[in-house]
Amino acid sequence: SAVISQKPSRDICQRGTSLTIQCQVDSQVTMMFWYRQQPGQSLTLIATANQGSEATYESGFVIDKFPISRPNLTFSTLTVSNMSPEDSSIYLCSVRAPGETGELFFGEGSRLTVL
Amino acid sequence: AQSVAQPEDQVNVAEGNPLTVKCTYSVSGNPYLFWYVQYPNRGLQFLLKYITGDNLVKGSYGFEAEFNKSQTSFHLKKPSALVSDSALYFCAVRDQGGATNKLIFGTGTLLAVQP
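Those sequence lines, one after another, are chains A and B. Numbered according to the working numbering, the first sequence spans residues 159 to 273. Numbered according to the working numbering, the second sequence spans residues 1448 to 1562.
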């Protein structure tokens, strides 16, 4: 299994500011996935980050709001821009185990509270 | 479109009793099915998966799940519940023949095991 480290683990942010979440994996992976888990809700995929190309965003998520970097095969960042209270969520980074049928492994998550 | 349903928001069970957490799915092709557990303030942990073959799948911490194609279900079970099993459980599905690698999560079921 992959070991995934996320920073920060939690933060309290002011409305209108931006915060960048870092995700580090202990092995090289092609795709990294960013999920959002709003309070009391399930996980929603924000985007898939591929090394060397632009991230692929899901419906309802845009690059201007959630810019993603993927500089190498073990690291990615997700920025939550111009935050509002509605962005208060847990943001989770994940990678897939090798192979077509591989399960996802998740980081511990970054819990953001926007005031 | 693929989807997954967890009809129970919460399941209560006494320690030592068997537990079942329900999950049904909808995909156009054959499914890959997964169960994850989330403990408070933690990321998701993989429990088990069904890809093909034997309908009864065994996973971590004594959990198992049964794939039922005719009922499109993948219920999570454990013969004897522990208080430490209390957590949030997510079922997830991916369409084997789908155009996307996206994993779709259910809304989660909170398992509460009483001593």
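Derived by calculation from the structure, the hints in this document are not laboratory data. Possibly wrong hints are sitting among the right ones.
[Said to hold, decoys possible] Capping the alpha-carbon separation at 27 Å, the derived lysine-lysine pairs in DSS-like fashion look like this:
{"#": "1", "chain 1": "B", "residue 1": "K1469", "chain 2": "B", "residue 2": "K1549"}
{"#": "2", "chain 1": "B", "residue 1": "K1496", "chain 2": "B", "residue 2": "K1516"}
{"#": "3", "chain 1": "B", "residue 1": "K1524", "chain 2": "A", "residue 2": "K223"}
{"#": "4", "chain 1": "B", "residue 1": "K1469", "chain 2": "A", "residue 2": "K165"}
{"#": "5", "chain 1": "B", "residue 1": "K1549", "chain 2": "B", "residue 2": "K1524"}
{"#": "6", "chain 1": "B", "residue 1": "K1496", "chain 2": "B", "residue 2": "K1469"}
[Stated by the list, open to error] Stretch-level coverage of chain A by chain B, calculated; a stretch enters the list once three of its residues show a Cβ under 8 Å from a Cβ in chain B:
{"#": "7", "region": "193-201"}
{"#": "8", "region": "219-229"}
[Unchecked claim] Here are the simulated distance ranges between beta carbons:
{"#": "9", "chain 1": "B", "residue 1": "A1452", "chain 2": "A", "residue 2": "G218", "range": "33 to 43 Å"}
{"#": "10", "chain 1": "A", "residue 1": "S211", "chain 2": "B", "residue 2": "E1462", "range": "27 to 37 Å"}
{"#": "11", "chain 1": "B", "residue 1": "N1459", "chain 2": "A", "residue 2": "T214", "range": "33 to 43 Å"}
Each residue gets a CB set at the ideal place from its N, CA and C atoms; glycine is no exception.
Right, here's what the structure says about each hint:
About 21 Å separates the Cα atoms of B/K1469 and B/K1549, which keeps this hinted pair within 27 Å; it holds. For the given pair, B/K1496 sits about 15 Å from B/K1516 by alpha-carbon distance, which is consistent with the 27 Å threshold. Using a Cα cut-off of 27 Å, the hinted pair B/K1524 and A/K223 is violated, with the two alpha carbons roughly 40 Å apart. Straight-line distance between C-alpha atoms of B/K1469 and A/K165 comes to about 34 Å, which puts the hinted pair past the 27 Å bound.
Taken as a hint, the B/K1549 and B/K1524 pair is honoured in the structure, with Cα atoms around 25 Å apart against an allowance of 27 Å. Taking the CA atoms of B/K1496 and B/K1469, the gap is about 15 Å. The hint holds against a cut of 27 Å. With 3 residues having a beta carbon nearer than 8 Å to a beta carbon of chain B, the region 193-201 of chain A meets the requirement of three or more and the stated coverage holds. Remark: the region 219-229 of chain A is not confirmed as covered by chain B, as 0 of its residues place a Cβ nearer than 8 Å to a Cβ of that chain, below the required three.
At roughly 21 Å, the beta carbons of B/A1452 and A/G218 sit outside the given window of 33 to 43 Å. Evaluation of the 27 to 37 Å hint for A/S211 and B/E1462 yields a failure: the beta carbon distance comes to about 50 Å. A beta carbon spacing of about 40 Å between B/N1459 and A/T214 agrees with the range 33 to 43 Å that was offered as a hint.
Hint compliance for this structure: hints 3, 4, 8, 9, 10 are broken, all remaining hints hold.
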